[in-house]
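Visitor: Numbering (the numbering used here), first residue to last: 15 to 159.
Errors might be hidden in some of the hints.
Mimicking DSSO-like on lysine-lysine, the simulated pairs with C-alpha atoms at most 27 Å apart in a straight line are [stated by the list, open to error]:
#1 Lys58 x Lys100
#2 Lys58 x Lys110
#3 Lys58 x Lys34
#4 Lys100 x Lys124
#5 Lys110 x Lys124
#6 Lys110 x Lys100
#7 Lys124 x Lys150
#8 Lys110 x Lys150
Just so you know, these hints were derived from the structure itself, not from any lab. Computed from a predicted structure; not experimentally measured.
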Amino acid sequence: GPMRSYVDRLKIFLADGTEKVLERGAGEVPSEAHNRAGYFADWKNPIDLFIGSEGTLGFISEVTVRLLERSPDFFSALIPFPSNLKALECLVECVKRRTPALRTLEYIDKGSLTAMRTAEGVPQFPEGTEALLYYKEEFESDKEK
15 GPMRSYVDRL KIFLADGTEK VLERGAGEVP SEAHNRAGYF ADWKNPIDLF
65 IGSEGTLGFI SEVTVRLLER SPDFFSALIP FPSNLKALEC LVECVKRRTP
115 ALRTLEYIDK GSLTAMRTAE GVPQFPEGTE ALLYYKEEFE SDKEK
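Please work from the sequences and hints to get the whole structure.
Guide: Shown next, in the form of structure tokens:
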């Protein structure tokens with residue numbers, strides 16, 4: 015997800031060598047806008063202008079970020095299917111179940127699978143596999159496994 019909402023403080027050096035410290039105000043809620051790259055035009059705090067500017071506005075020497083709580087353990091699997099249709103049917107059923115602990119459900123079509131097979135370390139799948147689903151579900155205790 016977007017990083018902006020987790021950055022609380024930046025120490026930067028501008029082109030003229032000036033050092034600045036930019037911080038979020040107490041209770042300030044940064045924009046949750048997605049799919050933004052480069053300069054953030056809707057900035058209200060200069061810290062948001064620097065996030066994503068790729069160093070074009072100044073050199074970022076320190077970053078203070080807010081960390082998330084440790085996420086629960088999870089089960090994950092790459093599930094092979096003999097056709098794209100079968101994978102999509104399973105994907106639809108998984109979505110219909112609305113499992114609250116479901117965190118990731120990714121469809122990998124035949125073209126993507128072909129590209130994956132050229133990479134080192136990718137597991138081998140049964141002959142005839144034409145699509146995959148990547149499934150990830152969190153669990154709190156061993157009973158939920």
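Visitor: May I ask which of the numbered hints given earlier this structure violates, with the numbers listed in increasing order?
Guide: The structure breaks hints 1, 2; every other hint is satisfied.
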